[in-house]
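Chains as they are written, first to last, in numbering that gives the first Met the number 0: chain F, 0 to 488; chain P, 0 to 116; chain G, 0 to 787.
One or more hints might be untrue.
[Stated by the list, open to error] In the DSSO-like style, the derived pairs of lysine-lysine whose C-alpha atoms are separated by at most 27 Å in a straight line are:
id : chain 1 : residue 1 : chain 2 : residue 2
1  : G       : Lys-134   : F       : Lys-349
2  : P       : Lys-107   : G       : Lys-687
3  : G       : Lys-573   : P       : Lys-111
4  : G       : Lys-597   : F       : Lys-194
5  : G       : Lys-168   : G       : Lys-37
6  : G       : Lys-642   : F       : Lys-194
7  : F       : Lys-201   : G       : Lys-50
8  : G       : Lys-642   : P       : Lys-107
9  : F       : Lys-201   : G       : Lys-106
10 : G       : Lys-37    : F       : Lys-349
11 : P       : Lys-107   : P       : Lys-53
12 : G       : Lys-106   : G       : Lys-134
13 : G       : Lys-687   : G       : Lys-642
14 : P       : Lys-115   : G       : Lys-573
15 : G       : Lys-48    : G       : Lys-169
16 : G       : Lys-37    : G       : Lys-169
17 : G       : Lys-168   : F       : Lys-194
18 : F       : Lys-67    : G       : Lys-50
19 : G       : Lys-106   : F       : Lys-194
20 : G       : Lys-182   : P       : Lys-53
21 : F       : Lys-67    : G       : Lys-168
22 : P       : Lys-2     : G       : Lys-573
23 : F       : Lys-67    : G       : Lys-169
24 : P       : Lys-53    : P       : Lys-2
25 : F       : Lys-201   : G       : Lys-573
26 : F       : Lys-201   : G       : Lys-48
27 : G       : Lys-48    : P       : Lys-111
28 : P       : Lys-21    : G       : Lys-573
Calculated directly from the structure, the hints in this document are not laboratory data.
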Amino acid sequence: MRILMVTPEANPFAASGGLAEVIYALAGALVRLGHQVTVALPLYRQVRESGRPLTFTGHTLSIPLSWKTLPGEVYQAEIEPNLNFYFIAQDTLFNRDGLYGTAYGAFEDNAERFIFFSRAVVEMVEALELEFDICHAHEWQTGLVPVYLRTLYHDRPRLQRLPVVYTVHNVGYQGLFSSFDLPLTGLGWELLSPKALEFYGKINFMKGGLVFADLLSTVSSRYREEILTPDYGFGLEGLFQERAQELYGILEGVDYQRWDPSRDPYLAAPYDRDQLKGKKACKAALAKHFGLKLDLKRPLLGMNTRFFERKGIDLVENILDDLMQLGVGFVIQGAGEERHQYILQEISLKYPEQMGLAIGYGDELAHQIIAGADIFLMPSRYEPCGLDQLYCLRYGTIPVVRATGGLDETIKEHDPGTGVGTGFKFTGATPTELLGAVQRALAVYQDGAAWEALMQHNMALDFSWDTLAPKYLELYQAAVDKRRSLLGG
Amino acid sequence: MKKILVADDEMSIRLLYSEELKEEGYEVYLAANGREALEIVEKIPLDLVILDIKMPEMDGIEALRQIKERRPDLPVLLSTAYGEYRQDFATWASDEYLVKSSDLEDLKAMVKRYLKE
Amino acid sequence: MASDRAAFLTQMVEVLTSTVSFGERLNNMVHLLARHLKVDLALYFALDKTKETLFLNISSQGPIPPHMRVEFPLGQGVVGETAVTRKVRVVHRLQPEALSANAPLEKLHPNFHTLAAFPVADDNFLYGVLVLLDKQDRTFGAAERQSMQLAGLMLAGTLRQAIVQEEAKKRIAELSVLFEVGKALSATVELDELLERIVSTTAKVITARGAALEIIDRATGETRVSSRYGQIPAVCPALKEMFPRPAKTTGPPHFETQSVDADGRTHYCLAVPLTFKGQLQGTLCVYDKFSPNEVYLPFDPENRQLLITMAGLIVNAIENALTFQQVEDLAERNERMVQNLTVLQEISQVLLTTVQEERLLEMILQGLTLEQGLGFDRGVVLMVDEASQTLTGAKGAERAAQPSQAALPAALLSPLPQEVPVADWQIPLRPDQGALALAVLKKRPYHYQEHLKEPGLPAVLPGKLAAREFFVVPLIVKDRATGVILVDNQASGRPLESEPLNVLNMFASQAALVLENAHLYSTIEANNRELLLIRERMLESDRLAALSSLASGMAHEIRNPLVSIGGFARRISKLVEETSPLRGYVEVIQEEVTRLEKLLREILDFTGENLSYYGDHDLVKLIEDTLVLVQRDLDAANIKVVKEFAPLPRLHCDHRQIKQVFYNLFSNACQAMPHGGTLTIRTYPLEKEDGLYEAITVTDTGGGIPMEVLHNIFNPFFSTKDYGTGLGLAIAQRIVSRHYGQIEVNNEMGKGVTFLITLPVAKYCLVKDAGQNAVPASALKAPKGGRR
């Protein structure tokens with residue numbers, strides 16, 4: 000199959016969260032199965048700074064945005080046979096520090112940026128006469144791709160027959176914008192209706208994707224069920240229910256090429272389930288990295304997160320004092336809302352020997368935290384899939400997670416009596432329940448042998464992409480069949 | 000000996016003409032209609048043709064046309080009971096147009112003139 | 000501390016100038032201020048659109064859950080007061096009324112002791128109030144107050160920017176809506192389609208559940224056009240409500256109402272007037288704004304403004320479309336006219352197929368009553384009888400009960416389905432005899448209607464023509480009324496319209512013409528028949544014609560055997576000795592054959608079969624040619640020929656016939672002068688009264704024609720031994736008269752005969768030869784240098 004992935008981020012060029020990793024790993028797995036994958040990305044400053052060579056294709060698209068028209072230059076990079084990247088370059092929109100915003104929040108012109116990108120991708124397929132069997136769009140930023148394919152560009156045969164799958168990685172981010180931004184899309188006002196893009200008087204990009212894509216998916220079966228309810232549907236539950244027959248739940252997988260402690264280049268020492276000594280070295284290195292004065296026998300808790308309440312950062316903030324009292328170490332890396340940064344900064348200043356805080360996000364440090372920590376916290380209010388808990392399993396780091404979405408689906412509560420289960424879960428999004436789960440983990444940690452058994456059990460589990468990519472192929476085939484039948488065979 | 004064809008549907012006229020012309024020392028061939036006349040024109044290297052107009056099967060006008068088509072050099076004299084067509088044929092189609100007469104002197108004089116060579 | 004403040008200000012500026020959304024900027028600013036001033040809680044209260052209430056918008060504690068939403072009316076509490084005074088206020092818990100007036104804040108921060116409020120305003124507008132709460136009793140120093148003030152300004156700046164940007168986006172959005180509407184409007188000029196587009200686009204851009212448009216004619220109060228889209232509630236506020244009493248409210252006129260239906264659901268309606276320049280007025284109305292949760296929303300002032308703007312846009316398009324519709328109506332009428340003309344043309348084509356009056360009348364009546372034709376219920380043709388000065392029924396017919404399916408031309412030819420007997424319709428042509436007589440007398444059509452008494456029906460027709468309404472049109476040819484056509488729709492009771500009257504008029508003029516033609520034709524036919532009889536009688540008397548054809552047929556048959564007989568006789572005589580008695584017999588045969596042959600030649604070769612060879616010929620040359628033919632005879636008889644030829648124009652003639660004339664004359668002369676003499680031939684132009692002639696005289700010296708013979712010489716059956724068959728002169732005379740010439744004889748007994756032939760010169764021959772000076776100019780009647 001020839002697959003076009005339209006995504007706001009993807010490794011190895013531009014990443015702000017887990018999506019970049021997911022896209023890259025899924026693409027890699029599909030290529031290994033013998034398919035051709037093309038990834039379309041905005042040409043962010045990060046892409047330029049990735050150091051990888053880009054080739055200008057010679058094509059410059061003209062994308063109308065309301066009463067102006069911006070050029071979109073198309074660049075290309077082939078990073079391995081059958082894995083191609085196309086970039087839409089428009090420096091006034093994309094040559095910025097962040098992908099979606101700064102430390103102070105989201106860019107005010109995100110609507111314009113991703114309207115431009117979505118439309119440019121559609122135009123690119125037409126202009127470069129690219130042949131694809133399926134288009135796979137991700138997240139709210141590309142929600143307009145299905146809309147364009149099925150409305151404004153419907154009369155172009157090449158685009159008309161292109162099936163499109165839309166994957167929701169997180170319903171919490173829908174891309175809501177003022178209805179006054181509609182003129183930027185070039186779409187007719189009739190689309191500003193509750194049956195299409197309108198959402199409580201605003202434009203909802205994700206809704207566009209959900210309404211117009213041939214088939215829909217999200218990133219775990221558990222999350223798929225959750226978003227059918229008002230608690231997780233963020234107002235779109237009705238639409239999800241309406242299309243429940245065409246909504247798939249497919250877990251994300253782990254790229255064990257990159258996430259395997261036995262060959263992870265970022266680690267102080269490699270290790271595997273038979274030889275766990277290396278993990279101690281990693282722990283020591285991590286403590287040293289953050290300048291902690293920690294007895295290595297004491298448990299070290301870790302987090303790679305973003306500072307948002309949906310990640311449960313406020314829960315963590317609330318139990319940090321208690322944790323510190325328990326004499327554990329805690330390292331956290333992440334970026335996000337500034338007030339959380341300040342709170343965390345203040346707390347870390349209180350406990351400089353026990354707590355390490357890294358503002359920002361580094362891949363290397365992320366590996367080191369997952370490898371070096373004993374316990375990994377994921378107290379998310381909701382988590383569509385979550386990957387860190389899966390990395391943790393392979394790295395022998397025990398996850399403490401809230402029972403939601405992919406976390407609930409992939410982590411089984413550990414029963415110290417039977418030794419069954421892979422981590423510790425809590426249900427209510429309260430500091431108390433989080434603390435309780437952490438304490439259960441710490442209790443098991445006291446029993447060195449049991450803890451080691453748990454680690455070894457977890458390290459043998461397989462959540463690789465190679466087991467998941469075929470499920471996506473099935474989804475693609477279903478979309479192809481549906482499109483073909485819609486167009487009359 | 001010069002060869003002359005006489006085409007006339009009346010046997011008596013054929014006989015009269017052939018007798019007279021033989022006497023003048025010509026070799027005479029006879030035909031009863033235009034078609035027979037054409038057959039002879041095809042076979043015999045004639046020197047002159049005398050044609051009646053009104054004949055069965057193929058009339059003299061048609062025979063005249065066809066003879067001139069095949070042998071434009073061959074003199075053709077029309078000898079007919081119809082005087083009134085003189086103007087039609089004298090000028091363009093036949094070499095001479097004679098109204099039949101029991102006095103054959105004119106005819107013989109004409110023949111002699113054409114066969115002088 | 001100073002570095003703290005510098006860091007704070009730096010961050011504030013960073014936030015202020017960041018590229019993130021305004022909401023996030025405000026959030027960040029509020030957080031920064033709370034952190035910088037080390038207060039427990041910072042809150043931003045925003046002034047709402049009505050400018051009457053301040054509602055909690057931002058909290059430094061993060062998102063505000065619904066139960067924490069707090070608002071103050073303007074002037075109430077510290078928040079409301081600050082909004083009014085625009086002055087910073089700091090209140091402490093223990094101050095009187097501090098708690099009671101600001102009780103709602105307890106919800107957000109129980110046990111606050113310090114409450115500081117400062118306005119967020121610029122030089123012009125107040126946007127809201129920033130509130131700081133702390134559990135401590137606190138005072139704020141000058142530096143801190145300055146920070147607060149600065150923060151207030153920055154917040155105000157950010158808000159102003161946000162408003163400006165929002166306004167700009169809104170304008171663009173509205174423009175794009177109007178652009179879309181304009182595009183829809185200009186995409187069509189078909190009124191129905193246009194209205195449909197207007198209401199559907201209106202509903203969509205305002206996200207209304209339904210929309211309606213109605214235009215009424217102010218003069219008549221009737222609805223001119225209306226169009227609806229979507230769902231319009233059953234209880235629909237009357238559209239016309241706006242107009243009897245135009246909105247008294249200030250600002251652009253509009254009408255807004257809400258109603259509750261049986262299910263207890265509230266419906267909203269917003270209407271704006273459509274104001275036309277002309278006689279029309281109308282409304283554009285939207286119903287029930289959509290919301291995702293099934294509850295309909297009222298329309299806001301922005302919707303109203305947009306609707307008013309759209310109404311302005313729409314009016315022009317509708318006026319254009321109405322104009323277009325009028326033009327289309329006109330075109331449709333034209334098309335009907337063309338159809339009518341086509342019908343008329345088809346009828347007239349069929350009418351041309353006959354000249355029989357009776358058939359024509361049938362066709363005309365078919366044309367009047369056929370559905371494919373003019374489609375009247377009944378038609379009658381009455382003709383004027385000039386002699387009795389009455390209008391008399393010629394033929395009448397009623398429409399067939401079963402309409403004919405045939406095409407018009409075929410249907411016209413079919414027999415009349417139902418005749419109306421009209422033979423006894425007799426109307427004297429007097430002005431007091433009603434519409435039919437008047438139509439003839441005044442030569443104009445009448446549309447009779449019973450209730451319009453004048454001009455009424457004549458007394459003779461009641462009982463025969465029981466029509467309450469009919470058309471009567473005169474049949475006029477060359478300004479003369481020859482009859483009338485009468486039609487009505489009495490059977491079906493349909494009214495007669497003016498348009499078919501026009502068509503009927505055109506039809507009548509055609510009918511009049513063909514009827515007149517038929518009449519003329521029948522006259523000509525009668526004349527022709529008479530002429531034919533005369534000509535037959537004349538031919539009968541022409542014995543020559545009879546002879547000529549008889550002789551020609553027989554003579555040809557005789558000639559062949561004669562040639563054989565004579566030819567063989569000559570052969571025999573050559574063989575028989577001169578002394579033999581047989582010789583004498585053979586010679587008799589020869590001579591007799593020769594005589595017969597000569598006779599034949601005269602009959603056949605010159606009477607001819609009317610093959611004509613007319614052309615322009617030089618007469619002198621014809622004479623010369625003929626002389627050659629008789630040269631042998633002239634020589635034999637020793638006759639001298641004298642020629643006196645004057646130059647003549649070419650003669651338009653059958654040269655063969657003219658040569659026969661000369662041949663006959665010359666032969667006669669030869670016979671008249673068997674022992675020699677002189678033949679004198681002269682030619683000269685001769686002017687007669689009626690034009691130029693060529694004259695030829697042929698004179699012999701044969702002693703003249705005996706008097707008793709002279710009067711018979713042109714009789715074809717008269718013959719003398721001396722003058723051959725005699726046929727020659729008869730033929731000559733016929734030929735000359737065929738050339739419109741004359742032949743005269745001048746007999747001088749004892750001397751000879753002179754024949755004078757005069758032949759007229761065709762005018763064009765003169766013209767043709769004039770350039771060659773063949774004729775003396777005086778001989779030409781045409782003026783010199785005249786028209787060529």
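Status of the hints after comparison with the structure:
1. Lys-134(G) x Lys-349(F): Holds, at about 22 Å.
2. Lys-107(P) x Lys-687(G): violated, 50 Å
3. Lys-573(G) x Lys-111(P): Status holds; Cα separation ~21 Å.
4. Lys-597(G) x Lys-194(F): With a Cα-Cα distance of about 119 Å, the restraint between Lys-597(G) and Lys-194(F) is violated, given a limit of 27 Å.
5. Lys-168(G) x Lys-37(G): violated, 37 Å
6. Lys-642(G) x Lys-194(F): violated, 120 Å
7. Lys-201(F) x Lys-50(G): holds, 23 Å
8. Lys-642(G) x Lys-107(P): With a Cα-Cα distance of about 34 Å, the restraint between Lys-642(G) and Lys-107(P) is violated, given a limit of 27 Å.
9. Lys-201(F) x Lys-106(G): violated, 31 Å
10. Lys-37(G) x Lys-349(F): holds, 17 Å
11. Lys-107(P) x Lys-53(P): holds, 21 Å
12. Lys-106(G) x Lys-134(G): holds, 14 Å
13. Lys-687(G) x Lys-642(G): Holds. Lys-687(G) to Lys-642(G) sits at ~24 Å (cutoff 27 Å).
14. Lys-115(P) x Lys-573(G): holds, 26 Å
15. Lys-48(G) x Lys-169(G): holds, 16 Å
16. Lys-37(G) x Lys-169(G): It is violated: about 39 Å lies between the C-alpha atoms, which goes past 27 Å.
17. Lys-168(G) x Lys-194(F): Holds, at about 23 Å.
18. Lys-67(F) x Lys-50(G): violated, 35 Å
19. Lys-106(G) x Lys-194(F): Answer violated: Lys-106(G) to Lys-194(F) is near 39 Å, above 27 Å.
20. Lys-182(G) x Lys-53(P): violated, 90 Å
21. Lys-67(F) x Lys-168(G): With a Cα-Cα distance of about 14 Å, the restraint between Lys-67(F) and Lys-168(G) holds, given a limit of 27 Å.
22. Lys-2(P) x Lys-573(G): Distance of about 25 Å is within 27 Å: holds.
23. Lys-67(F) x Lys-169(G): holds, 16 Å
24. Lys-53(P) x Lys-2(P): holds, 23 Å
25. Lys-201(F) x Lys-573(G): violated, 139 Å
26. Lys-201(F) x Lys-48(G): This hinted pair holds, its Cα atoms lying about 18 Å apart.
27. Lys-48(G) x Lys-111(P): violated, 136 Å
28. Lys-21(P) x Lys-573(G): Roughly 15 Å between the alpha carbons, so the hint for Lys-21(P) and Lys-573(G) holds.
The structure fails to meet hints 2, 4, 5, 6, 8, 9, 16, 18, 19, 20, 25, 27 from the earlier list, while all remaining hints are met.
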